[in-house]
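Novice: With chain A's structure known, arrange chain B on it following the hints.
So the sequence lines, in the order shown, correspond to chains A and B.
Numbering of the first sequence is given in my numbering, commencing with residue 19 and proceeding in unit increments.
Numbering of the second sequence is given in my numbering, commencing with residue 5 and proceeding in unit increments.
It is possible that part of the hints are untrue.
Unchecked claim - Below 27 Å or equal to it, Euclidean Cα-Cα: the simulated BS3-like pairs (lysine-lysine) are:
| id | chain 1 | residue 1 | chain 2 | residue 2 |
| --- | --- | --- | --- | --- |
| 1 | A | K62 | B | K49 |
| 2 | B | K107 | A | K80 |
| 3 | A | K69 | B | K49 |
| 4 | A | K45 | A | K69 |
| 5 | A | K45 | B | K46 |
| 6 | A | K62 | B | K6 |
| 7 | B | K6 | A | K80 |
| 8 | A | K45 | B | K6 |
Stated by the list, open to error - Here are some chain A residues pointing at chain B (derived, C-beta under 10 Å):
| id | residue |
| --- | --- |
| 9 | A20 |
| 10 | V22 |
| 11 | Y51 |
| 12 | Y53 |
| 13 | Q55 |
| 14 | P57 |
| 15 | E59 |
| 16 | K62 |
| 17 | F63 |
| 18 | S115 |
| 19 | S120 |
| 20 | P121 |
| 21 | G127 |
| 22 | R129 |
| 23 | T133 |
What the hints assert, rightly or not - FRET-style restraints, in silico, Cβ to Cβ:
| id | chain 1 | residue 1 | chain 2 | residue 2 | range |
| --- | --- | --- | --- | --- | --- |
| 24 | B | N31 | A | P88 | 29 to 35 Å |
| 25 | B | P18 | A | R102 | 37 to 43 Å |
| 26 | A | R129 | B | K107 | 20 to 26 Å |
| 27 | B | A110 | A | K89 | 48 to 54 Å |
| 28 | B | S53 | A | R129 | 25 to 31 Å |
| 29 | A | G21 | B | L109 | 29 to 35 Å |
Hints are computed from structural coordinates only; laboratory data are not their basis.
All C-beta atoms, glycine included, are put in the ideal place defined by N, C-alpha and C.
Listed here are the chains, written in short residue letters.
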Amino acid sequence: NAGVMQNPRHLVRRRGQEARLRCSPMKGHSHVYWYRQLPEEGLKFMVYLQKENIIDESGMPKERFSAEFPKEGPSILRIQQVVRGDSAAYFCASSPSRDGPSPLHFGNGTRLTVT
Amino acid sequence: RKEVEQDPGPFNVPEGATVAFNCTYSNSASQSFFWYRQDCRKEPKLLMSVYSSGNEDGRFTAQLNRASQYISLLIRDSKLSDSATYLCSGTYKYIFGTGTRLKVLA
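Chain A with its partners taken away, still in its complex shape (with noise of 0.2 Å):
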């Protein structure tokens, strides 16, 4: 499968302990972008990153959050010491080049349930 690939599916957490979610993208893409999704809301842009570089973080909590997309392996979004406000879906998705024309692929989400 050559999709975009999220995991964990589901992430259960305590309040307090760190969530690390995965993302590889699609083979011959360059450029991730994650985003959160509240139940009954939008998707609300955090990060971009393109290999070894974040290009726009705005969209990240400016705490507990960061990412990262290393030259080898996948790319973390990593929240710290969790609150159940951190509970949505979260979405990578990834493009062959940065603000288009390709539209993005996306995975199939992390939902992080905090408790």
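Specialist: Same frame as chain A, now just chain B:
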């Protein structure tokens, strides 16, 4: 003003009806625009790209109006299976609208 705006709905329409959604954008930098469909608790999936000349795919027609900065999606002969949330996005920063919920009623 939000970068991409959509009427959240819900739009409740009977089977067979024609329904149209608009999506307005504030930044003209996007090269291309897209409509995505999102089913409950699933990932968004590309429905169709939107071109200035307009494009049609079966019952779906998408149009782009750069002068007025909006894109539209028209669904003809609605089916129950069209019930979903429809999201729009441009390629500039790939920012999405909040989505428009459509419910097609039997």
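Novice: Each hint needs a verdict: does it hold in this structure or not?
Specialist: Consistency of the hints with the structure:
For the hint linking A/K62 to B/K49, the alpha-carbon distance of about 16 Å falls within 27 Å, and the restraint holds. Between B/K107 and A/K80 the alpha-carbon distance is near 37 Å, which puts this suggested pair outside the 27 Å criterion. For the given pair, A/K69 sits about 24 Å from B/K49 by alpha-carbon distance, which is consistent with the 27 Å threshold. A threshold of 27 Å between alpha carbons decides the hint, and for A/K45 with A/K69 the separation of about 13 Å falls inside it, so the pair holds.
For the proposed pair A/K45 and B/K46, the alpha carbon gap of about 22 Å is at most 27 Å, so the pair holds. In summary, the hint linking A/K62 to B/K6 is supported, as the alpha carbons are separated by about 12 Å, within the 27 Å threshold. Between B/K6 and A/K80 the alpha-carbon distance is near 21 Å, which keeps this suggested pair within the 27 Å criterion. Our distance criterion of 27 Å between C-alpha atoms is broken by A/K45 and B/K6, whose separation comes to about 33 Å.
Annotation: A/A20 was flagged as interfacial toward chain B, and the flag is violated, the nearest CB pair being 15 Å apart, outside 10 Å. Because the beta carbon of A/V22 sits about 8 Å from the nearest beta carbon in chain B, less than 10 Å, this interface hint is met. Interface hint status for A/Y51: upheld, as the beta-carbon distance to the closest one in chain B is roughly 6 Å, under 10 Å. A cut of 10 Å between beta carbons decides the hint on A/Y53: the least distance to chain B is about 7 Å, and the hint holds.
Because the beta carbon of A/Q55 sits about 9 Å from the nearest beta carbon in chain B, less than 10 Å, this interface hint is met. Proximity of A/P57 to chain B holds as hinted, the smallest CB-CB distance being about 9 Å (cut-off 10 Å). Given the 10 Å rule on beta carbons, the hint for A/E59 holds: about 7 Å separates it from the nearest Cβ of chain B. At its closest, the beta carbon of A/K62 sits 8 Å from a beta carbon of chain B; the interface hint therefore holds under the 10 Å criterion.
With its C-beta approaching chain B no nearer than about 6 Å, A/F63 sits inside the 10 Å limit, and its interface hint holds. Restraint check, A/S115 versus chain B: the minimum CB separation of about 9 Å is within 10 Å; hint holds. Because the closest C-beta pair between A/S120 and chain B is about 8 Å apart, less than 10 Å, the hint holds. A distance limit of 10 Å between C-beta atoms decides the matter here; for A/P121 the minimum to chain B is near 5 Å, and the interface restraint holds.
Against a cut-off of 10 Å between C-beta atoms, the interface hint on A/G127 holds, since the closest Cβ of chain B lies about 5 Å away. Against a cut-off of 10 Å between C-beta atoms, the interface hint on A/R129 holds, since the closest Cβ of chain B lies about 8 Å away. Taking 10 Å as the C-beta contact cut-off toward chain B, the hint placing A/T133 at the interface is violated, the least distance being around 19 Å. One distance hint, 29 to 35 Å for the beta-carbon pair B/N31 and A/P88, holds here, with the actual separation near 31 Å.
Distance hint check: the CB atoms of B/P18 and A/R102 are about 40 Å apart, consistent with the given range 37 to 43 Å. One distance hint, 20 to 26 Å for the beta-carbon pair A/R129 and B/K107, holds here, with the actual separation near 23 Å. For B/A110 and A/K89, the hinted distance range of 48 to 54 Å is satisfied, since their beta carbons lie about 53 Å from each other. About 29 Å separates the C-beta atoms of B/S53 and A/R129, a value consistent with the hinted range of 25 to 31 Å.
With their beta carbons about 33 Å apart, A/G21 and B/L109 fall inside the hinted range of 29 to 35 Å.
The structure shown violates the earlier hints numbered 2, 8, 9, 23.
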